[in-house]
Amino acid sequence: MTDTTRSNLPTASPSTGFPPTSFLPAGHLRCRLPGNRSLLVHRRSAVTVAVAAALALLVATLTVLTGAYEITPGGVVSTLFGGGSGTDRFIVWEQRLPRAVAALLVGVALGGCGAVFQSVARNPLGSPDIVGFTTGAASGGLVMILVVGSAGSQSVLVGTVAGGALAAVTVVLFTLRRGLGGDRLVLSGIAVGAMLAALNDYLISRAPIEAAETAKAWQYGSLNAIGWRPVVPLAVSLALAVPVTLALARSLRALELGDDAAAGIGLGVTATRVTALAVGVFLAGAAIATAGPIGFLALAAPQLAGRLSRAPGIALGPSMAVGALLLAVADLLAQRLLSPFQIPVGLLTAAVGGAYLVWLLTRAPRREGARGAR
Amino acid sequence: MTRETAGLRAPTSEPGADVVPTGRHAHHRRRIALVVAVGLAVLAALCLTSLAVGARGLTVGDVWQGLTHPGDASRASIIVWDLRMPRTALALVVGCALAVAGVLMQALTRNPLAEPGLLGVNSGASFAVVTAITLFGATTIDRYVWFALLGSALTAAFVYVVSVRRTHRGDQARLVLAGAALSASLGACTGIVTMFHTSTFSSYRFWVIGSVADRGGEVVGRIAPFVAVGLLLALLSGPALNALVLGDEQATALGARLPLVRVVAFASITLLCGAATAAAGPIAFVGLVVPHVLRRLVGVEQRLLLVLSALVGPALVLAADIVGRVVARPGELEVGIVTAFVGAPALLALLLSRRAA
Chain H
-7 MTDTTRSNLP TASPSTGFPP TSFLPAGHLR CRLPGNRSLL VHRRSAVTVA VAAALALLVA
53 TLTVLTGAYE ITPGGVVSTL FGGGSGTDRF IVWEQRLPRA VAALLVGVAL GGCGAVFQSV
113 ARNPLGSPDI VGFTTGAASG GLVMILVVGS AGSQSVLVGT VAGGALAAVT VVLFTLRRGL
173 GGDRLVLSGI AVGAMLAALN DYLISRAPIE AAETAKAWQY GSLNAIGWRP VVPLAVSLAL
233 AVPVTLALAR SLRALELGDD AAAGIGLGVT ATRVTALAVG VFLAGAAIAT AGPIGFLALA
293 APQLAGRLSR APGIALGPSM AVGALLLAVA DLLAQRLLSP FQIPVGLLTA AVGGAYLVWL
353 LTRAPRREGA RGAR
Chain P
1384 MTRETAGLRA PTSEPGADVV PTGRHAHHRR RIALVVAVGL AVLAALCLTS LAVGARGLTV
1444 GDVWQGLTHP GDASRASIIV WDLRMPRTAL ALVVGCALAV AGVLMQALTR NPLAEPGLLG
1504 VNSGASFAVV TAITLFGATT IDRYVWFALL GSALTAAFVY VVSVRRTHRG DQARLVLAGA
1564 ALSASLGACT GIVTMFHTST FSSYRFWVIG SVADRGGEVV GRIAPFVAVG LLLALLSGPA
1624 LNALVLGDEQ ATALGARLPL VRVVAFASIT LLCGAATAAA GPIAFVGLVV PHVLRRLVGV
1684 EQRLLLVLSA LVGPALVLAA DIVGRVVARP GELEVGIVTA FVGAPALLAL LLSRRAA
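As you go down the protein sequences, you meet chains H and P in turn.
Okay, so the first sequence: first residue is -7 according to the numbering used here, each after it adds one.
Okay, so the second sequence: first residue is 1384 according to the numbering used here, each after it adds one.
One or more of the hints may lead you astray.
Below 20 Å or equal to it, Euclidean Cα-Cα: the simulated SDA-like pairs (lysine to any residue) are [as the list claims (entries may be wrong)]:
1) H/K208 - P/H1580
2) H/K208 - P/M1578
3) H/K208 - H/L300
4) H/K208 - P/T1577
5) H/K208 - H/S147
6) H/K208 - P/G1714
7) H/K208 - P/A1711
8) H/K208 - P/S1582
9) H/K208 - H/F333
10) H/K208 - H/L138
Per label pair, the in silico range of CB-to-CB distance [what the hints assert, rightly or not]:
11) P/D1525 - H/E205: 50 to 60 Å
12) H/S70 - P/T1517: 39 to 49 Å
13) P/F1579 - H/S70: 30 to 40 Å
No wet-lab data here; the hints were simulated from the structure.
Glycine included, each C-beta is placed from N, C-alpha and C at the ideal position.
Bound-form chain P, shown alone:
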């Protein structure tokens, strides 16, 4: 009973604030604390590993040496600050953006399989970027990030229109299939454009497969404002998302202003996916895997999911990037390939468990 009360009150008031903590609540809180603690520890360890692992391995001592002596001409310092720090930071920002966008999309479409990569939003952004570079010569991220936002906005709007028309559960597959078809179509268009202008795109191979390598130090700074605004909007819409997932009628009854919530969440998805794709190319499955794992661990409170996915998403992308550096020595495997290897079986497992399908 107490749980139900808390769930219903969540949209309008602090959850559990006026509910006497029972044993289950205390257990739940401990669990959340544990997830946060483990998440932070893993993330820190991954950051260190990401600085140390690569074509040239560094010991922890080297990394420390390099970290504490920025601007030093030593090899460790150059590797750490010029090569691995930018990609680590980029992986963190991109992972954060994609995972939060996944939570938002699943709540907005009420479809547990919704995900910006799977539904074509990232493909839309990357096609827009490629078009912008070809037609308008927008070769710096400052300029093409706007096109990425436009592309992700258009595809997100499309996905939303499709999902609104099919609200009942049986149509989950239809939305995913429409997204996959859209994704395939836009991917093929991107392929045609990049093949046609091979010389222009020789350094932009990551717009077919997502990658965080060799993007330079300034890229993170350029997309950070967009991601920050996107995250802020996501957190603002959090309370109302709890109402939204219950269905339109119930959400309205609970006092949520649905059009406003939808617009805010939509803007947030657009900013997060557009910025992430402009920086790293299309990366799929992060927004699918992270919310599902978290839901199993901490339940369905949307604000909690949003905050924790901003912690677990970066860990997943960073781990994928490190794995990509290790498994294909001396070359590297793009992070988008690794997330697909992790995410596609996760999607299958979801389908096989009765909960989703």
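In isolation and in its complexed conformation, chain H is listed as follows:
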């Protein structure tokens, strides 16, 4: 871990001497802010964020403009500005628009929480899917829907966050003796995940048939028939959580150097870690409560973002943007691939994301994070 990060640390070349303006690490830009402040921006990360966000918006626009319902793109645009018939307005305003917005927001949340989890675990595989969080959240949600019998968005949110956090804490407790970087995190996550998956199957098989159908559709993770009602709380949650997450980036970056080094440069290690985990859990919970457990996106987005941006260490912003892009594309495909049948987008991401993880594992050399504890 330290070997790779050390080479990326800012280094001042001896020839340029002291003036701090020359302290610019390779590949970074300095943005001047009002009040004699400045912000260091990794150039390639900024480009990644911009391109991914633009593409995500483009795909979302495409989702809104086209679809099974007979309406021309021009008709959609005029409907958006107040024209069109009642049905047009319903399709565009109540069906297509919330779905496209939800895909973007859930993608941002999952990408962000995946990046935070992986950074805190110092393990590129420490995503919510693998540490059991996603399955645990599904269990929590199913308990709320089937056992407690309340399918309202608030109670499902409580259930998912509690279930996910409980599962993740269990996995972490099993691995604490050897540290979070080790293979044990992955293996315990798989074991706990398998147990919870069996629990989910049990809950569904014990439920009355109608409730079971609802729960099953939710369990796969889907944006089908989503309206504004769940999207608004998600947007509010993200408006709160995303700035906090981005503000944590510097501390997380320091934490990736190792506890001792981070404490040495004046970071409250435990406080940072707890805050970061809380934000990560909150982001994941918000996403899962809206769309159900969407698999492997939180794993894949930070991996792709890291490759695209080549950022040293955690790439929070790019992960969020790439997450939004991935989910927007996945949802468009889920709607159109077997139209009129709507594939639950969670199944599509699991199919593609699982294959992507297999590919990563079979071709890439062993990564540093997984070696950490050995």
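We have chain H already, so just place chain P on it with the hints.
Chain P alone, transformed into the frame defined by chain H:
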């Protein structure tokens, strides 16, 4: 010293045949005999219980009555012969196949966590079956069992390629993770196909969760030949497996023909997993739990493990099926769910004990 000699000679000659039995050997033999005796007794008891327990409970007398009067129109006879006998037989065959496949995979990959369910072989077979039914209309087991074999062969080959590239101990997790990811991906594909063709698959729910219920009497007969050939190949490869687990160099030095052994074991895994999954859907953890329990009881002699797992595997699957019938009355819990409830904690326990991880 004597133990070591026996272990090294095992691949080429009968173990212990030319070694003077010491106290430890005699103890070991007694232990094996005990395991076999207890295993047989438990299996027999489970078979009886499986015939008696269900939505309508039967007394032992009823079961006996039904058993001894096949073709009788009495209720006991119909329940025993038409409903519970097929699923009991299926559970026995499937358990046998999966447990033996687990022993083979752990030896072949030299990874104590390898298991056909965990590594995605069963998911591959069930995805192939679902695809075959959708694309080629292969709705009878005679036809789709071949696709199941193809699916399990492809995924087993994949798992093997991954495991060969990572031979040292630290990479156990990587293989398991790759398998779990493959499993998740194939499971999602199966889910998409079954949801897309809901009407076609309404009666095939077990291809998402393994189950031995309501599969009809003829299924066991259809897969039995495949399982039999698979078991035969497994037993043939047994002696060489003992060499294989020592590592490639040592195995070659001991005279094992590695490519041949690998091909035979691979064919055996393919037949066993493909046939079991075609009949019952993907059932995980049987191939993990059984070999581990047996290794603790009787040691690491591979032939012994193969034979005993063919005894303990059926007991585990049958017990899981009975538990599934009891805990969820009046409904039933699929056997795949029950084995996951047993197997996942077992996997955790393995990880926590220092031996495996």
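Distance restraint between H/K208 and H/F333, which requires alpha-carbon spacing of 20 Å or less: holds (16 Å)
20 Å Cα cutoff - pair H/K208, H/L300: Violated, because 35 Å separates the two Cα atoms, which is more than 20 Å.
Outcome for the supplied range 30 to 40 Å, where the beta carbon pair is P/F1579 and H/S70: With Cβ atoms ~35 Å apart, the hint holds.
Distance restraint between H/K208 and P/M1578, which requires alpha-carbon spacing of 20 Å or less: Satisfied, since the Cα-Cα distance of roughly 11 Å is no more than 20 Å.
20 Å Cα cutoff - pair H/K208, P/S1582: Judged against 20 Å, a Cα distance of about 17 Å means the pair holds.
39 to 49 Å as the expected CB spacing between P/T1517 and H/S70, which holds or is violated: holds (41 Å)
Given hint H/L138 paired with H/K208 - CA-CA distance at most 20 Å: holds (11 Å)
Hinted pair H/K208 and P/T1577, Cα distance within 20 Å: holds (13 Å)
Hinted pair H/K208 and P/H1580, Cα distance within 20 Å: holds (16 Å)
20 Å limit on alpha-carbon distance, applied to hinted pair H/K208 and P/G1714: holds (18 Å)
Restraint status (C-alpha distance of H/K208 to P/A1711 at most 20 Å): holds (19 Å)
Assessment of proposed distance window 50 to 60 Å (beta carbons of P/D1525, H/E205): violated (33 Å)
Of the numbered hints listed earlier, those contradicted by the structure are 3, 11.
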